[in-house]
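Protein chains: 2
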Amino acid sequence: MAAKKVLITGAAGNIGTELRARLKERYTLRLLDRRPIPEPQGQALVCDLGDLGGLEAACAGMDAVVHLAGNPGNSALWEVLMEDNIKGTYNLFEAARRQGVKRVVFASTNHVTGYYEREGIYTTPEMQERPDSLYGVSKAFGEDLGRFYVDEHGMGVICLRIGSFQPEEAVKQRRGDRILSTWLSPRDCAQLVWRGIEAEEVKFGIFYGISGNKRAYWEIENACRLLGYAPEDDAERFA
Amino acid sequence: MAAKKVLITGAAGNIGTELRARLKERYTLRLLDRRPIPEPQGQALVCDLGDLGGLEAACAGMDAVVHLAGNPGNSALWEVLMEDNIKGTYNLFEAARRQGVKRVVFASTNHVTGYYEREGIYTTPEMQERPDSLYGVSKAFGEDLGRFYVDEHGMGVICLRIGSFQPEEAVKQRRGDRILSTWLSPRDCAQLVWRGIEAEEVKFGIFYGISGNKRAYWEIENACRLLGYAPEDDAERFA
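For the protein sequence lines, the chains are S and X, in the order given.
For the first sequence, the positions run 2 to 240 when my numbering is used.
For the second sequence, the positions run 2 to 240 when my numbering is used.
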C-alpha cells in the first residue's frame, strides 16, 4: 500500500521541524510554512494562511493535513490571532474541504481550558472551555470549526490540545515543575499525530497532547482508548 | 434606588425593537445600532461594531450591556460573520471591559448546538458545541470569549442561546411545527434578559432562550433554577 500523503502546515516551526523528521518514513510529506523550510523532507511550499488559493493548491491530492501553522503565543495580540488563528484556520479547513481532504489533525492547546489549571481542577476533554487567553479562545474557535466540518462536510478532525512540547533537555533544565505535569515529548507528539491520522473511525475528538506524565492533571484516557495512544515518555524521570 | 443603565446593541433589529419597548420602564436605556433607531426609548447612537472607540463611548457609565448586534443569518457568509460576529463581538466585550461594565447579556443561538437537533438529541447547556453553520461557530466563539472575560477580567456574562424569537402571529401562521418546540415569545425574551441582568451572583452561564414549550428539546431547567426564569408562554396553545 502506498504511503499516505500528508501536508504539514507550520513545518518550519518547533513542532513542525520535529514532526517532519519523525514522520518522513511513515508518510509522503508535503511541507508548508510562510518562511522557507530548511532541509525539507519532501515538497516544500512557502504560503501564508491568508492565501486561500495557495492553501487549496497545497491540499490538492492530500490524504490528511496536520495543521500546526498559526500564532502560538499565549500572550499574542487579538489582531494577530484574528489573522493567523481565526481567518487562517478557517482558510485551512475550507481549502481542505474544497480539495476533498478527508482528515485534519488540528494543533489546539491546553490553554482552551487553562482556567481549570489555574484553579487546580483536574480536566477532561468533555469539560466546557475555559480559555485563559485570547490565544486559547482562538484555538477553541478552531475546535468548534473543526466539529462543524465533521458534521456538515463529513471530514474527520482530531484536535490535540498540546501541552508543553519540549526536548528532554528543556525538562532537565526546567525552572519550575509545571512541565513535569504538562510535558509532551517529541516522540509522543509524533505518535499522537500519526495515530490521529490513522484512527479513521474516530470522526471527531478532542485529546490532550501530553506524555504519560505521572503528575498529569489533564486526562489522556480517551486518547489511549480511542486512538490507541501509548505514550513512551513520562517527565517524572527528570523529577 | 436609581434604575440601572443598560445599553442595548442591535436596538433597531427584531429582538431589539421588542426589548427596548419592554425594558424601558425597568431600566434607563441607551440604544445602539448601525442604522438609525426609529422612535428610540432613551439615548440613541448610530455606531458600527467595527468602531471600537464608538463602542467604548457607548459603554461609558453603563451597568450592563445587552449585545444583540451582529449578523443573525444562519446561512451568512464567512466574510460577514468574521466582521460582524467575531471582530464585532470582540470589540464589544473589549469596549465593555475598558469602561468597567460589570455585566453583558450576549445573544447567542441554538445553532451553536444545532447538530444535536438534527440528530434528534435532547440538548442541555453542558453538552459540547456542535454548530450547524458558520453562524453557529461564530456565536460559539462569542460564548468562549465571554467566558474568558469572566475568568480573566471579572465580568459577568450571560449567554442566551435564543430559539425562534417570533410574535404570536408567527406561531399561529406557522408552516411547520418546529416552532412549537423552539418558540421564544417576546415577553419571555424580555424576562430572560432582565433576569440575566439582575442575577449578579451568576458570573457565567449558558441558557437556552425559549418559552416554556411542552415540546421543547432544549433544557431550560438551569435558567429557571439559576436566573429565576419563569416563562409565561408555551407554544402548545397554538398546536
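Because the hints were derived from the structure by calculation, they are not lab data.
Mixed in with the good hints, there may be bad ones.
One copy or any two copies: either way a pair holds, since identical chains are not told apart in the list.
[What the hints assert, rightly or not] Derived lysine to aspartate or glutamate pairs resembling DMTMM-like cross-links, with alpha carbons at most 20 Å apart:
#	residue 1	residue 2
1	K204	E120
2	K173	E118
3	K88	E57
4	K6	D64
5	K215	E233
6	K5	E80
7	K215	E199
8	K103	E40
9	K25	D64
10	K204	E118
11	K173	E26
12	K103	D178
13	K173	E19
14	K103	E199
15	K173	E233
16	K25	E40
17	K204	E19
18	K88	D64
19	K88	E233
20	K204	E153
21	K215	E57
22	K204	D52
Now the hints, each set against the structure:
1. K204 x E120: between (32 Å within a copy, 16 Å between copies)
2. K173 x E118: neither (23 Å within a copy, 50 Å between copies)
3. K88 x E57: Within one copy only: 15 Å inside, 25 Å across.
4. K6 x D64: within (5 Å within a copy, 55 Å between copies)
5. K215 x E233: Classified as within; 12 Å inside a copy, 53 Å across copies.
6. K5 x E80: Neither: 36 Å inside a copy, 33 Å across copies.
7. K215 x E199: neither (27 Å within a copy, 45 Å between copies)
8. K103 x E40: Neither. Shortest intra-copy (28 Å) and inter-copy (53 Å) distances fail the 20 Å Cα cut-off.
9. K25 x D64: within (15 Å within a copy, 57 Å between copies)
10. K204 x E118: between (28 Å within a copy, 19 Å between copies)
11. K173 x E26: neither (29 Å within a copy, 64 Å between copies)
12. K103 x D178: For K103 and D178, neither the intra-copy (39 Å) nor the inter-copy (36 Å) Cα distance is at most 20 Å.
13. K173 x E19: This pair counts as within: shortest intra-copy Cα distance 19 Å, inter-copy 62 Å.
14. K103 x E199: within (11 Å within a copy, 47 Å between copies)
15. K173 x E233: Only inside one copy: K173 and E233 sit 17 Å apart there, 63 Å across copies, limit 20 Å.
16. K25 x E40: within (12 Å within a copy, 66 Å between copies)
17. K204 x E19: Cα proximity of K204 and E19: none, with 26 Å in one copy and 42 Å across.
18. K88 x D64: neither (23 Å within a copy, 33 Å between copies)
19. K88 x E233: neither (35 Å within a copy, 42 Å between copies)
20. K204 x E153: So K204 and E153 pass the 20 Å test inside one copy only (12 Å; across, 33 Å).
21. K215 x E57: Close neither inside one copy (42 Å) nor across copies (47 Å); limit 20 Å.
22. K204 x D52: neither (27 Å within a copy, 40 Å between copies)
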